[in-house]
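Participant: Working from the sequences, and respecting the hints, build out all of it.
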Amino acid sequence: MKKRYQRGIRVALVLAGVGIAVALMLRAFDENILYFYTPRQVVAGEAPDGRRFRLGGLVTLGSIEREPGSLKVSFLVTDNQKTLTVEYEGVLPDLFRDGQGVIAHGAMNDKGVFVADEVLAKHDENYMPPEVAEALKEVHGENES
Amino acid sequence: MIPELGLFALVLTFCLAFIQSFAGLAGAYWRKPEWLALVRPMASGQFVFAALSFGLLTWSFIVNDFSVEYVALNSNTELPFFYRIAAVWAAHEGSLLLWILTLSAWTLGVAWANKDMPIVFRARILGVLGLINCGFMLFVMATSNPFIRLLPAALEGRDLNPLLQDPALVIHPPILYAGYVGLAVAFAFAVGALIEGKVTSNWARWLRPWTLLAWAFLTVGVALGSWWAYYELGWGGWWFWDPVENASFMPWLMATALIHSLAVTEKRGLFKSWTVLLAICGFSLSLLGTFLVRSGVLISVHAFASDPARGLFILIFLGLCIGIALGLYAWRAPAFGSGGGFKVLSRESFLLLNNLMLVVAAGLILIGTLYPLFIDALEMGKISVGPPYFNLVFLIPTLPMVLLLGVGMHSTWKRARWEMLWLRLRTPLSIAVPVALGISFAWGRPSVLTFVGVFAGVWVILSALSEVRQRQKMGRSFFALPRSVLGMLTAHIGLGLFVLGTTVTSVFSIEKDLALRAGDVVELAGYQIKLETLRNTEGPNFDAVEGVVTIRRDGEMVTTLYPQKRVYRVQTSPMTEAGIEAGWTRDLFVALGDDLGNGSWSLRIQFKPLVRFIWLGALVMAFGGLLSMSDPRYRKKRQAEAPAPELAEGTAP
Numbered sequence: 399m400k401k402r403y404q405r406g407i408r409v410a411l412v413l414a415g416v417g418i419a420v421a422l423m424l425r426a427f428d429e430n431i432l433y434f435y436t437p438r439q440v441v442a443g444e445a446p447d448g449r450r451f452r453l454g455g456l457v458t459l460g461s462i463e464r465e466p467g468s469l470k471v472s473f474l475v476t477d478n479q480k481t482l483t484v485e486y487e488g489v490l491p492d493l494f495r496d497g498q499g500v501i502a503h504g505a506m507n508d509k510g511v512f513v514a515d516e517v518l519a520k521h522d523e524n525y526m527p528p529e530v531a532e533a534l535k536e537v538h539g540e541n542e543s
Numbered sequence: 031m032i033p034e035l036g037l038f039a040l041v042l043t044f045c046l047a048f049i050q051s052f053a054g055l056a057g058a059y060w061r062k063p064e065w066l067a068l069v070r071p072m073a074s075g076q077f078v079f080a081a082l083s084f085g086l087l088t089w090s091f092i093v094n095d096f097s098v099e100y101v102a103l104n105s106n107t108e109l110p111f112f113y114r115i116a117a118v119w120a121a122h123e124g125s126l127l128l129w130i131l132t133l134s135a136w137t138l139g140v141a142w143a144n145k146d147m148p149i150v151f152r153a154r155i156l157g158v159l160g161l162i163n164c165g166f167m168l169f170v171m172a173t174s175n176p177f178i179r180l181l182p183a184a185l186e187g188r189d190l191n192p193l194l195q196d197p198a199l200v201i202h203p204p205i206l207y208a209g210y211v212g213l214a215v216a217f218a219f220a221v222g223a224l225i226e227g228k229v230t231s232n233w234a235r236w237l238r239p240w241t242l243l244a245w246a247f248l249t250v251g252v253a254l255g256s257w258w259a260y261y262e263l264g265w266g267g268w269w270f271w272d273p274v275e276n277a278s279f280m281p282w283l284m285a286t287a288l289i290h291s292l293a294v295t296e297k298r299g300l301f302k303s304w305t306v307l308l309a310i311c312g313f314s315l316s317l318l319g320t321f322l323v324r325s326g327v328l329i330s331v332h333a334f335a336s337d338p339a340r341g342l343f344i345l346i347f348l349g350l351c352i353g354i355a356l357g358l359y360a361w362r363a364p365a366f367g368s369g370g371g372f373k374v375l376s377r378e379s380f381l382l383l384n385n386l387m388l389v390v391a392a393g394l395i396l397i398g399t400l401y402p403l404f405i406d407a408l409e410m411g412k413i414s415v416g417p418p419y420f421n422l423v424f425l426i427p428t429l430p431m432v433l434l435l436g437v438g439m440h441s442t443w444k445r446a447r448w449e450m451l452w453l454r455l456r457t458p459l460s461i462a463v464p465v466a467l468g469i470s471f472a473w474g475r476p477s478v479l480t481f482v483g484v485f486a487g488v489w490v491i492l493s494a495l496s497e498v499r500q501r502q503k504m505g506r507s508f509f510a511l512p513r514s515v516l517g518m519l520t521a522h523i524g525l526g527l528f529v530l531g532t533t534v535t536s537v538f539s540i541e542k543d544l545a546l547r548a549g550d551v552v553e554l555a556g557y558q559i560k561l562e563t564l565r566n567t568e569g570p571n572f573d574a575v576e577g578v579v580t581i582r583r584d585g586e587m588v589t590t591l592y593p594q595k596r597v598y599r600v601q602t603s604p605m606t607e608a609g610i611e612a613g614w615t616r617d618l619f620v621a622l623g624d625d626l627g628n629g630s631w632s633l634r635i636q637f638k639p640l641v642r643f644i645w646l647g648a649l650v651m652a653f654g655g656l657l658s659m660s661d662p663r664y665r666k667k668r669q670a671e672a673p674a675p676e677l678a679e680g681t682a683p
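Line by line, the protein sequences give chains A and R. Position one of the first sequence corresponds to residue 399 (this note's numbering), numbered consecutively onward. Position one of the second sequence corresponds to residue 31 (this note's numbering), numbered consecutively onward.
There's no promise every hint is true.
Residues of chain A clear of chain R, computed beta-carbon distances all greater than 12 angstroms [to be verified]:
1. Val-416
2. Asp-428
3. Gly-443
4. Leu-474
Listed next, the in silico DSBU-like pairs over lysine-lysine satisfying Cα-Cα at most 30 angstroms (straight line) [what the hints assert, rightly or not]:
5. R:Lys-62 <-> R:Lys-666
6. A:Lys-509 <-> R:Lys-542
7. R:Lys-145 <-> R:Lys-666
8. R:Lys-62 <-> R:Lys-145
9. R:Lys-444 <-> R:Lys-666
10. R:Lys-542 <-> R:Lys-560
11. R:Lys-444 <-> R:Lys-667
12. A:Lys-509 <-> R:Lys-412
13. R:Lys-62 <-> R:Lys-228
14. R:Lys-503 <-> R:Lys-542
15. A:Lys-470 <-> R:Lys-542
16. A:Lys-470 <-> R:Lys-412
17. R:Lys-412 <-> A:Lys-480
18. R:Lys-503 <-> R:Lys-373
19. R:Lys-560 <-> A:Lys-470
Just so you know, these hints were derived from the structure itself, not from any lab. Ideal Cβ placement from N, Cα and C applies to all residues, glycine included.
Facilitator: Here is the structure:
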């Protein structure tokens, strides 16, 4: 009897622990998933309002504008079909430059500008974020057909 | 000629490894002594030729033989000698060759150490290790040959990725690989035990030192990677929950669970099937990591080349390894049986909880890492899982684990007593609370979580120290403690330091992105940081802009830092080289951003208290593992099998 009782306690403890962990995990999961959108999808209204997401595309040549002497910068991100303005304040990554594929984390503001809190450009000059590469390929296909 | 010889040596290695595995597994099955006698010499030969093959590739790098494609892609005549050697394992093909060499070294160790191991069992283990190495050699020869010629030869090499031109790169991959690959030994032991159909305490005693060694390597390897990311990726983060980092961290969690579970299997004859399962999962996760990193599924600094054939090969290999091992497990493990029972309050229970928490943590990280890949494969959108998820799901299981660790360390086998635990732990508790309060308030206003984190760290350290004091009270001197106990305590102190460092750094770091001109001064955490001037400079294979930044505290000079923005001449990619003033209690971190025009530059300045404790803790942990491994007990002659020995021993691990 006593043994069974002890085992019962053990099982209950484990189940309770797992249950709490799963509940917290699901919540954390839901809150921290970032979806990826291209400028075309954003313009078409597919991106969620007021929720953070990842925007990817190419930095339009000559579109990088800095406010002199400050960290504020704005640039255009394009998928060769639609273009969005991105604003960012902070230090940009090493490989951020004209014509590069970038991914920005942030959300749209009510003026239709994407306000980024993080900008990523990866470590290789030949590198193109896979999402961006694919999006560009799609656009390319549509333009031809 | 040299590269062809290298490839030839690799083919020979493959043949020797194949004979080794066939002779080992078939010889053990049909009990052929003459086959069994072949196994050890083959293991030695395998190591010699793997080393030769690796050495010949290294030679091609040293002499800048750009007629070898791999050398041409990853080296350059301007590249310093030191980095030319490190470049051997800087990309996919060469790093696989390193992997093969490492596995050969482990095989050699298993073949010639453990003199008291039955010859049949050793043959089985070596057979499994040989098969794994054969798989990797096939992979290299079929998809990733580093010796391929480039015709016509290149005049100049494309140079090593500038990010990798760093002293840590020289040691990070070999050490990490030693750990990754070392888990193959545990895997082979598990498969060997499944073939024989029994797990004994001798089995656990033989496996423990190998697992400890692999775990220590893995610990140092992961810590080096984190340290490297901290100063070389330029922005002062030390862990990003990047899939590649997770790929190395999950096997670490499993290996940690395994060394604890092995303790129970050795001392008490319990958790047998569980230990075997952990050994299988540990290596499977390190193979999964290889797949993630090498298949091009992921993009990061580690994901060298994306070639679908490579991904497919590793996936099939992974499937075979896991499939066969788990199939054997399902077939044989139920026969292992379980030893004696234990009470709810006992060391066994605490170790069980430890295992549960570690596995849950690894599982949750695995979900977060793989989920985006699944969603992508199912074409349901492209998502990424952010670091807050990982931070939370990692803390949920591990924070209680660390808090319980102090109690677990002082619990006795089979049955512990609350009164006894209270007697031993009240002193650490009564010191830990005020110390934790003090540290929490040292850098600002803390939250509850800060206090809990700091308390957990201090508490673990103090309860480990209290164990030493208990022993002294019983009249034994510090040095008379068994090395395995000393090692265990040391590793736990390391964990405490790590928890302390992580908590304080996460909560009290200050980070500022600023636009500064020469002469500007900013105030950060009581330091006056002044950008004195900016100047041009150059290195052997790069040009750079260098900032001269002086740091003062209350007018007194602390140090001068020279953060750089480098442009490497061959690959023309810019690189941030941070200036770091390291200290026991805090790091000051200055990184140069971009030219903003008007003579001003963007700078990232950070104050990171106790950040060094993170890596220091990891090093102390690894040292504890090595100390524990050196316990003479592991080199004793085979002992008579006893399912539940040393019941009265109390606090031994």
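Participant: For every hint, state whether the structure bears it out.
Facilitator: Comparing the hints with the structure gives:
1. At roughly 8 angstroms from the closest C-beta of chain R, the C-beta of Val-416 (chain A) falls inside 12 angstroms, breaking its exclusion from the interface.
2. Look at Asp-428 (chain A): its CB is around 9 angstroms from the nearest CB on chain R, not clear of 12 angstroms, so calling it non-interface is violated.
3. Every CB of chain R is more than 12 angstroms from the CB of Gly-443 (chain A) (nearest about 16 angstroms), matching its label as outside the interface.
4. Its beta-carbon lying about 18 angstroms from the closest one in chain R, Leu-474 (chain A) satisfies the requirement of being farther than 12 angstroms from that chain.
5. Using a Cα cut-off of 30 angstroms, the hinted pair Lys-62 (chain R) and Lys-666 (chain R) holds, with the two alpha carbons roughly 28 angstroms apart.
6. For the given pair, Lys-509 (chain A) sits about 28 angstroms from Lys-542 (chain R) by alpha-carbon distance, which is consistent with the 30 angstroms threshold.
7. Between the alpha carbons of Lys-145 (chain R) and Lys-666 (chain R) the distance comes to roughly 9 angstroms, so the proposed pair stays at or under 30 angstroms and holds.
8. Simply put, Lys-62 (chain R) and Lys-145 (chain R) have alpha-carbon atoms about 20 angstroms apart, close enough for the 30 angstroms limit, and the pair holds.
9. For the hint pairing Lys-444 (chain R) with Lys-666 (chain R), the CA-to-CA distance comes to about 25 angstroms; that is within 30 angstroms, so the pair holds.
10. For a cut-off of 30 angstroms, the pair hint linking Lys-542 (chain R) to Lys-560 (chain R) stands: about 14 angstroms separates their Cα positions.
11. In summary, the hint linking Lys-444 (chain R) to Lys-667 (chain R) is supported, as the alpha carbons are separated by about 26 angstroms, within the 30 angstroms threshold.
12. Our distance criterion of 30 angstroms between C-alpha atoms is met by Lys-509 (chain A) and Lys-412 (chain R), whose separation comes to about 26 angstroms.
13. A C-alpha spacing of about 21 angstroms is found between Lys-62 (chain R) and Lys-228 (chain R), which places the hinted pair at or below 30 angstroms, so the restraint holds.
14. Taking the CA atoms of Lys-503 (chain R) and Lys-542 (chain R), the gap is about 51 angstroms. The hint is violated against a cut of 30 angstroms.
15. A C-alpha spacing of about 14 angstroms is found between Lys-470 (chain A) and Lys-542 (chain R), which places the hinted pair at or below 30 angstroms, so the restraint holds.
16. For the hint linking Lys-470 (chain A) to Lys-412 (chain R), the alpha-carbon distance of about 29 angstroms falls within 30 angstroms, and the restraint holds.
17. At roughly 19 angstroms between alpha-carbon atoms, Lys-412 (chain R) and Lys-480 (chain A) fall within 30 angstroms of each other, so this suggested pair holds.
18. Our distance criterion of 30 angstroms between C-alpha atoms is met by Lys-503 (chain R) and Lys-373 (chain R), whose separation comes to about 27 angstroms.
19. Among the hinted pairs, Lys-560 (chain R) with Lys-470 (chain A) is consistent with the structure: their alpha-carbon atoms are about 22 angstroms apart, no more than 30 angstroms.
Hint compliance for this structure: hints 1, 2, 14 are not met, and every other hint is.
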